[in-house]
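Trainee: Chains as they are written, first to last, in the numbering used here: chain E, 43 to 353; chain P, 307 to 471.
Just so you know, the hints here were simulated from the structure itself, not pulled from any lab data. Even for Gly, the Cβ is constructed at its ideal location relative to N, Cα and C. Hints should not be assumed to be uniformly reliable.
[To be verified] Distance condition first, Cα-Cα at most 20 Å in a straight line; then the derived PhoX-like pairs of lysine-lysine:
id: 1; chain 1: P; residue 1: K398; chain 2: P; residue 2: K425
id: 2; chain 1: E; residue 1: K126; chain 2: P; residue 2: K462
id: 3; chain 1: P; residue 1: K392; chain 2: E; residue 2: K209
id: 4; chain 1: P; residue 1: K462; chain 2: P; residue 2: K414
id: 5; chain 1: P; residue 1: K398; chain 2: P; residue 2: K454
id: 6; chain 1: P; residue 1: K425; chain 2: P; residue 2: K414
[Claimed, not checked] Stretch by stretch, here's where chain E covers chain P in the computed footprint (C-beta under 8 Å, at least three residues):
id: 7; region: 370-381
id: 8; region: 384-397
id: 9; region: 447-459
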Amino acid sequence: MLKLSTYRIGIGLLAAFAGCTSDEPTSNEPTTSASTELEIHDTSSGVAGSLGETTFTSSMVNGDVLEITVKVNCMMVTALVDYKTGVMEFDGFALDTGENTQMTDEDRAALTELEQALAPLGEDLPFTLEKLRGFVATYAEHPSTVDLQTIRITEENRSWTSICYAKNSYYPASHDCDVDGWWVDRTTLDNVYLSSTGNLGGPDGVAWYFPWGGGFKCCSGSLWCSGYTCNIPYAGWWSGVEVNHDVNVEHAYGNCFGVCGAGCPGSYQYTVDCLNHDSCVRNGHVLASGYCDDQYTSSLDDWASAPNCGA
Amino acid sequence: MRRLAGIVAAALLIVVGVLWWTRGGDRSTATRAATSTAVSVSKAPAPARPPTLASANGTDPAEEPRPQPVPVDPATAPSLDAPVSKPAPPQKPFDRAETIAKREADLKLLDDTRTRLEKELASAQAAGDATAVHDLQIRITRTSELRKQRSGELDKLRAGGELPK
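Modelling step: build the complete structure from the supplied sequences, incorporating the hints.
Mentor: Dropping the structure here:
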């Protein structure tokens, strides 16, 4: 198992530290510069560290309870996971006032950066560090329209379902949205190939199998995800585009389709809820789309307990 | 009609842009409004195109980018004949009794958390760690408020209220 004393990776650029309160600095500590290296150290009950101005802790407290805190862009997000009772409490608030706030594009970018720094640490990690990585990967996709303060009740095959067994095979995925409900042709992909294949380019890094040459429904992948007809020269696998609920496209793969959270490589936790969330934001919607909020909320607990299926 | 749609689209963009610019360092502003705007942006039908204006070279003005397909090497793509896995059974939702039991456990979790945070606060105050003191005070306040809220939700569940999704 990887033993951490002080773990540093990355380049050694320094950035000016910016406080998160509007008051005069109240800390007795001198103003310091925040390194952009990933720094992790052991604590008495877990790990703590930083990447740039983002700081984090992950600890086992009170026996069976995991507590994670991440401070990013003057916001703190927290997670409490009681593994004995299956209860999870999430919160997020502005650090200057303690009031409610919501995730922004900047926050997601910073969390994605942290996730990318944590991803290469490998698979033999202390429990608290492994869970921190899964939490950060999940929160890097947290929509602005989902409350940061929420409760989840978690139990295997009740609120999360691992599909490690389906790795390197085809598996169906669906979502509900303004186009239609669950498991109808327009919202369902019959065959998502679950693999650790990386980003293949285009809006979502996904490749699609088009069964013939011609026009298919696509969307731009930007905030509006404007619909248009993408012209496919001939049948085969094509990347670079985002399919938009086209009933003639049933095969997709790429960018760790089905793995929980942002980043590829990432947590390698393949679950039903994470797959369905991916199928929503990659098939006619975007990460910020409110139509994928329920799929995201369903996947919110998966990082804490779903097994790592491996690359 | 197209002109009105174009004006509405432009106004929406301005509102989104202002809210994006003003969110700045004050995260405590009523950002639900911004959230609602973001939702309405993504849920709204694709805006009708504004009247096209002739550009200097006579072509249409810049539109939303339209990604173009790129062929994937078939040798690197999965075979269409690859195995198909059987879907997992549907997840069984929690019933009322289970939900109430979990919510009771949640209240204890919050109580234990508040007790722990108060101990950490005492340590931080003794150490003179102003940042930790500030953060912990916020967390204790929010945990206390959340505890009250959760207690109310549990009462409603016990009284037959709707099960949360």
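Trainee: Hint by hint, say whether it matches the structure.
Mentor: The hints, checked one at a time:
{"no.": "1", "hint": "P:K398 to P:K425", "verdict": "violated (39 Å)"}
{"no.": "2", "hint": "E:K126 to P:K462", "verdict": "violated (25 Å)"}
{"no.": "3", "hint": "P:K392 to E:K209", "verdict": "holds (12 Å)"}
{"no.": "4", "hint": "P:K462 to P:K414", "verdict": "holds (18 Å)"}
{"no.": "5", "hint": "P:K398 to P:K454", "verdict": "violated (29 Å)"}
{"no.": "6", "hint": "P:K425 to P:K414", "verdict": "holds (17 Å)"}
{"no.": "7", "hint": "370-381", "verdict": "holds (count 10)"}
{"no.": "8", "hint": "384-397", "verdict": "holds (count 10)"}
{"no.": "9", "hint": "447-459", "verdict": "holds (count 4)"}
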